[in-house]
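S.K.: The chain contents come next:
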Amino acid sequence: MSRKLLEIENLTTSFQIGDEYYAAVDDVSLTVNRNEVLGIVGESGSGKSALAFSIMRLHNRAKIEGKIKLEGIDLAKASTSDLNKLRGDKLSMIFQDPLTALNPLMEIGAQINETLILHRPKMSKQERYDRVIELLDLVGITGPEYVYQQYPHELSGGMRQRVIIAIAIANKPQLLIADEPTTALDVTIQAQILDLIRELRDEMDAGIILITHDLGVVAEMADRVAVMYAGQIVEIADVHTLFENPLHPYTRSLLNSVPTEGQDRLHVIQGIVPGLQHLPRTGCRFAARIPWIDESVHEENPLLHEVTPGHFVRCTCHSYFYFPEKGKEEITHGDT
Amino acid sequence: MWKFIVRRLLITFPQIVLLSILIFLMSQFMPGDALTGMLDPNVDQSTIQEQRERMGLNDPWHIKYANWVSGLVQGDLGQSFRFKMDVSELISQRMENTLLLGIVTLIFTYLIAIPLGITSGRYNDTLLDQAITGYTYVGFATPLFIFGLVMLFIFGYQLGWFPTSGSVGPGMVPGTLDYWISKLKHVMLPALSMALIQTVSTVQYLRSEIVDTKQKDFIITARAKGASESRVYNRHIFRNSLLPIAAFIGWEITTLIVGTVFIEQIFGYPGMGLLFLESINMRDYSVVTALVLLFGIAQILGTLLSDIILSIVDPRIRIK
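These protein sequences, in sequence, are chains A and B.
Just so it is clear: in the first sequence, position 325 is 325 by full-length UniProt numbering, and no numbers are missing.
Just so it is clear: in the second sequence, position 247 is 247 by full-length UniProt numbering, and no numbers are missing.
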């Protein structure tokens, strides 16, 4: 069996604003293997969630181009009824806001049970009930029989996030997309949830896409990391390479913005991710946020270059990048 | 949930007491009393004073109130000087008609509102939705008493489909099937007229609730589970959208009361609303007071009903 689970080729997801379409995910290609956690990092607005929603085909009105192949089935072209058979079964998603992602008027048990009803019609009522209890137990909820008949408002945020995870893993998905699964939770709960996701990967031999802006979570969880900026992947590498030898100016800026010991000043990336309508569509998209770098070092049409096997980086500007506060001697570091 | 309902009932009681005090005080401000206009003007003033004293009309207001309430509790609402009969008996005759009108109107209101609201909300911003929204705007802008007249003219007089006044055909024997069919025929047109106008607020409310619920995160969760579009609507969107509509029913009863006053007058339908207008014109105070009290109680019970329904359908309310 091939280790490749998900292959995304030249995926472009565009939204209509006024009369024009603007790409929120721009020509993204990546693969996810079985038993692998692919981390996707980037600031808010970099297109991470748009990518996740494209894979799940949950966008309401979006134009999707390219291929999203899950074990050979192209999700981008699948009909709604085919998608409904896959969603919640082979591919599922953990949402970022546990407080709003559950139906307030449905019992917890019924909400988990629903995925079983939809994808395991042959199970008997009792079997489904047992499975729900088992799932609640699996995600670390104590007193599952009691929680089964509770309503979302009776549970804490962490508990609700566990319920959302239970829904996502109910049918042992092949591909699990976790969209900032720990953002809304406090640190101790975060660690427990991450442990849980890791266990699931091993137990189900599943591929996991972990979307986050928390580099600590990525370092701890991911096998490979894709860095997204303005809808594009700007760098992709295995987690050790990325943290030890980050190349793209954006990746280095991100890593440099994380506080470390003995550092008295924190690097701040200038500016913000431009809105969809104001995105530069040609040239290096990050150029505007590193104005101290000479414009001539950017590629006219930046492509992903494989610098070492499995380590891709977009644009040539990385060879010339330095942090203004550190001076130009940094240049040699990025030269490979 | 029973705990909630019992507590809610306990709150209702002082509301009704307060209402009765208010109505009693207001009736006291009205000029004249029970003897005014009832006695021969040649009767000696001292005899009238004696009579007043004997009937307790000179008592302080709280004693008069206590007397009134003790009468009320026993079902004694006083005498109608116009009909020369017990108010309770008079009203109970009319109440049956108004209840029938109210219930039929409510049924029509929801029969119209739910499909229209659901269609409009589900397919929002389509031509169909715009047509339905257009109807609701026309409904909002049209006064009930004018619409009632138009309906009466078209369907009662021009087409002759429905009787134009009364609540039952002449010579019907109460209790027979024909009697009830005749009653239904008479109630149909006024109920439909009222429903067509009153339903528009419910249609709009339901529409906006559905449009709102459609964008909630838990709908995305449902889609991500692989739920089909119809399942998403039936299991997730409608229940969450119908919730506030259930709470709306109390308000619906309130507007219904206002509506019956107009509509019974237009259709010559002998119910409580018509009795109310007639009694005001004839200065039949004991009837007016009793009707205002009943209307008030109906409204209080309406909100009580809303709360109880809401507590059944919304688990979040049950706790407190």
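Errors might be hidden in some of the hints.
Unchecked claim - Simulated pairs of lysine-lysine, DSS-like, Cα-Cα distance not exceeding 25 Å:
hint, chain 1, residue 1, chain 2, residue 2
1, A, K90, A, K67
2, A, K63, A, K77
3, B, K216, A, K63
4, A, K125, A, K90
5, A, K67, A, K125
6, B, K214, A, K85
7, A, K90, A, K63
8, A, K63, B, K214
9, A, K85, B, K84
10, A, K85, A, K67
11, A, K4, A, K90
12, A, K172, A, K85
As the list claims (entries may be wrong) - Beta-carbon label-pair distances, calculated as ranges:
hint, chain 1, residue 1, chain 2, residue 2, range
13, A, T260, B, K3, 42 to 48 Å
14, A, G275, B, P244, 33 to 39 Å
15, A, R120, B, P174, 56 to 62 Å
16, B, D125, A, D27, 27 to 33 Å
17, A, H59, B, P244, 47 to 53 Å
The set of hints was computed from the structure by calculation and includes no laboratory data.
Where is the CB? At the ideal position from N, CA and C, for every residue including glycine.
S.K.: Does each hint fit the structure? Answer for all of them.
M.R.: Comparing the hints with the structure gives:
no. : hint                        : verdict
1   : K90/A / K67/A               : 17 Å, holds
2   : K63/A / K77/A               : 11 Å, holds
3   : K216/B / K63/A              : 22 Å, holds
4   : K125/A / K90/A              : 22 Å, holds
5   : K67/A / K125/A              : 38 Å, violated
6   : K214/B / K85/A              : 21 Å, holds
7   : K90/A / K63/A               : 23 Å, holds
8   : K63/A / K214/B              : 20 Å, holds
9   : K85/A / K84/B               : 75 Å, violated
10  : K85/A / K67/A               : 19 Å, holds
11  : K4/A / K90/A                : 14 Å, holds
12  : K172/A / K85/A              : 14 Å, holds
13  : T260/A / K3/B: 42 to 48 Å   : 56 Å, violated
14  : G275/A / P244/B: 33 to 39 Å : 35 Å, holds
15  : R120/A / P174/B: 56 to 62 Å : 59 Å, holds
16  : D125/B / D27/A: 27 to 33 Å  : 32 Å, holds
17  : H59/A / P244/B: 47 to 53 Å  : 28 Å, violated
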